[in-house]
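Protein chains: 2
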Amino acid sequence: MRVAIPKEITESEQRVALVPQLVPALLKLGCTVLFETGAGNGAYYPDPQYQNVEFYQDATKLYQEADIVLKVEAPFENEISNLKEKSIVIGLLSPHRYPERVKALRDRHITSFAMELIPRISRAQSMDALSSQATVAGYKAVLMAASMTNRFFPMLTTAAGTIRPSNVLIIGAGVAGLQAIATAKRLGAIVKAYDIRTAAREQIESLGAKMINIDVKADASGGYARELTDEEKQKQQEVLFEAISKTDAIISTALIPGRSAPKIISTKMVEAMMPGSVIVDTAAIAGGNCELTQADKIVTHHDVMINGPTNLPSMMARDASNMYAKNLISFIELLVKDGKLNLDWNDEIISQSALTHEGKINHQPTREMIEGKS
Amino acid sequence: MRVAIPKEITESEQRVALVPQLVPALLKLGCTVLFETGAGNGAYYPDPQYQNVEFYQDATKLYQEADIVLKVEAPFENEISNLKEKSIVIGLLSPHRYPERVKALRDRHITSFAMELIPRISRAQSMDALSSQATVAGYKAVLMAASMTNRFFPMLTTAAGTIRPSNVLIIGAGVAGLQAIATAKRLGAIVKAYDIRTAAREQIESLGAKMINIDVKADASGGYARELTDEEKQKQQEVLFEAISKTDAIISTALIPGRSAPKIISTKMVEAMMPGSVIVDTAAIAGGNCELTQADKIVTHHDVMINGPTNLPSMMARDASNMYAKNLISFIELLVKDGKLNLDWNDEIISQSALTHEGKINHQPTREMIEGKS
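In the order they appear, the protein sequences are chains C and S.
All residue numbers for the first sequence refer to numbering that gives the first Met the number 0, where the first residue is 0 and numbers rise by one.
All residue numbers for the second sequence refer to numbering that gives the first Met the number 0, where the first residue is 0 and numbers rise by one.
Some clues are possibly wrong.
Since copy identity is lost for identical chains, a pair holds within one copy or between any two.
[Said to hold, decoys possible] Pairs of lysine-lysine, DSSO-like flavour, derived with a Cα cap of 30 Å: (1) Lys267 x Lys359; (2) Lys234 x Lys267; (3) Lys245 x Lys6; (4) Lys245 x Lys209; (5) Lys6 x Lys296; (6) Lys102 x Lys85; (7) Lys339 x Lys234; (8) Lys102 x Lys245; (9) Lys339 x Lys245; (10) Lys102 x Lys372; (11) Lys234 x Lys359; (12) Lys209 x Lys60; (13) Lys209 x Lys184; (14) Lys359 x Lys245; (15) Lys209 x Lys85; (16) Lys339 x Lys102.
It is worth saying that the hints were derived from the structure and are not from the lab.
So here's chain C without its partners, still in its complex pose (with noise of 0.2 Å):
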């Protein structure tokens, strides 16, 4: 089996989906390690510090002689067009972002993994890398949203007075949220948190922030909300308006998988806020929490800042990457034996987890979105 682990060729993508402190599991797998020359720099892994692997300068050959790829972003066509039919390919694909790529894996019979379709059971929590890179989200974003705010988060008592610490709002208390409670709170802020789904409040309180919320039951499956009704929604509006205007720092994080992420923060919420306030609104890259975010850029509206990162976990590559990687060794050592592939369709794990497969999309609703309903 030889694992090829190209140079991420997306813009701003830092991460690499192997660090060299996991090259030992791959070979103990029997795998053979070939690694572009330069794919670990992005995350501060340079090359002398992959031990035996296999350099190749060029990219194409590497896709060429590959029965594996290991990528974090999805290959663009034309790194598709350079892998062997049949060979494999893992990482986040993001098959509602990139059909074309999908069609393209579809029709070069290669079989796709994507890492963000593993299913949230407890014998996949170590492949989990939605969870892995969420908690780098969460964390960055907190982080930003200090550096930015102008304010200390921490309470102080100084010669020159008492410096009352800041008030920071966490919207969503899935993974990436409670690691930004979290860090927040390390900081030293107050801290509240709003979620619609009731099983979110135990978590919240037991990182000591305060749970805000509407009183309805909005839980869905895989751990996220469903949609809102227009009556809720309208009562979520009164219930946050009144909390944002007293807030320093807002990190929102709420998405719902396959959708556009919901308009949490209204334009009118913005300008109640304090001058010098921010946003930091992970959800970006699916439109954003807050009607006025624009991805990747800081937006300044009635002295209020709102930054809309859309990739966080690549702002922190290295951490990043090593969590990354786990989750995908992880995985791999589902889908290899004894250096063989031995891909076991009865394991829901690597069922779930196709995307394509032997010429068809295997995951029903990138199917239905690319094919149409059948």
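Following the hints, complete the assembly by docking chain S onto the known chain C.
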């Protein structure tokens, strides 16, 4: 008494010398407050928040009508030329950096007080602007390092394995260094601190950090350290080299008043650091503690990023202004009695902080620097 607050015109200075919540304190002293339109904007204190002040569109007129001018940075010579003779200027006047401005203050018979010359006695603690601004700098420097580092500061135990905490080294445990220690600890890093003053040990350890030192007594007056001998410097290099090679992030804060910052981090040390490590050198304004530091730039050397911000408090202008304005008000309360100026030259706070008065440079080291020894 007409007390004027002009807009700071130094490039990238966002602070303001008066915040809205302290206007009443000046009014209570019997002062009238003249405020330049927009002076608080950089610190996100918009004009409407300043109540019961007289707004001036024209800075020249504001200067001309002021009995006391409150500044952050030293006024430029063209600002000084607009001042009434014998009026008062109070600010962080940096006489070492701006001898021409000191001459202009002298020649115009301005009574100027430099906040950094206020003696560090307990009665003057509430006026200690060096400390209040260093507190901001220490906090902000850690946020900056955490944002640059590509790694988590805290230890994380996740389904994708354990992420080890970052090793952070704080060089210089003065006010900025201690705040940096506290902030890095808050974020969950393993923190070591280096200081050559034996007095620093207790404070470092009380914040939960480990002290590294070289067994010399280098305590000097005013809470600063003396310069080291060549032999001591050699010893310092050896001790630090060992520590630095295992460090993910360094915050350096070592300053000797009125001198260039000691060069503590050699190029060789930087080259021994791990790829992706970061240095935030808060001594950049005085040349930096690292040989590679460049003012207000991020230098990358051997995959180590060295950031040399020269005005960290301005980057957190809202709270920095809040604290600085409190320092100023405490000082003014000494100068003004029943709405009238009352300079008690027997008070060491007043006599020592006076930089120029009645056509003379009052502060001996500045006078010797500008006029030579007499």
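Structure-based check of all given hints:
For a Cα distance limit of 30 Å, the shortest separation of lysine 267 from lysine 359 qualifies neither inside one copy, at 47 Å, nor across copies, at 57 Å. In the homo-oligomer, the alpha carbons of lysine 234 and lysine 267 lie at most 30 Å apart inside one protomer (15 Å), although the nearest pairing across protomers, at 61 Å, exceeds that limit. Within a single copy, lysine 245 and lysine 6 get their C-alpha atoms only as close as 45 Å, which misses the 30 Å cut-off; across copies the closest is 28 Å, which meets it. Taking CA atoms no more than 30 Å apart as the test, lysine 245 paired with lysine 209 passes inside one copy only; the shortest distance there is 14 Å, against 38 Å between copies.
Proximity of lysine 6 to lysine 296 under the C-alpha cut-off of 30 Å is found in both arrangements, the shortest distances being 26 Å within a copy and 28 Å between copies. For a Cα distance limit of 30 Å, the shortest separation of lysine 102 from lysine 85 inside one copy, 14 Å, qualifies, whereas the shortest one across copies, 80 Å, does not. For the homomeric pair lysine 339 and lysine 234, neither the shortest alpha-carbon distance inside one copy (56 Å) nor that between copies (57 Å) is at most 30 Å. Proximity of lysine 102 and lysine 245 under a CA criterion of 30 Å is satisfied in neither setting, with 48 Å inside one chain copy and 47 Å between copies.
When the C-alpha separation of lysine 339 and lysine 245 is checked against a cutoff of 30 Å, the pair qualifies neither within a copy, at 59 Å, nor between copies, at 40 Å. Taking identical chains as interchangeable, the C-alpha atoms of lysine 102 and lysine 372 lie at most 30 Å apart only when both belong to the same chain, with a minimum of 16 Å there against 82 Å between chains. For the identical chains of this complex, lysine 234 and lysine 359 are neighbours neither inside a copy (44 Å) nor across copies (68 Å), given an alpha-carbon limit of 30 Å. Neither within a single protomer nor between protomers do lysine 209 and lysine 60 lie at most 30 Å apart by alpha-carbon distance, with minima of 54 Å and 51 Å respectively.
Taking CA atoms no more than 30 Å apart as the test, lysine 209 paired with lysine 184 passes in both settings, with 11 Å inside one copy and 24 Å between copies. In this assembly of identical chains, the alpha carbons of lysine 359 and lysine 245 never lie at most 30 Å apart, being 52 Å within a copy and 50 Å across copies at closest. With identical chains, the CA atoms of lysine 209 and lysine 85 are never at most 30 Å apart, being 51 Å at best within one copy and 56 Å at best between copies. Within a single copy, lysine 339 and lysine 102 get their C-alpha atoms as close as 27 Å, which meets the 30 Å cut-off; across copies the closest is 82 Å, which misses it.
Checked against the numbered hints above, the structure breaks hints 1, 7, 8, 9, 11, 12, 14, 15 and satisfies the rest.
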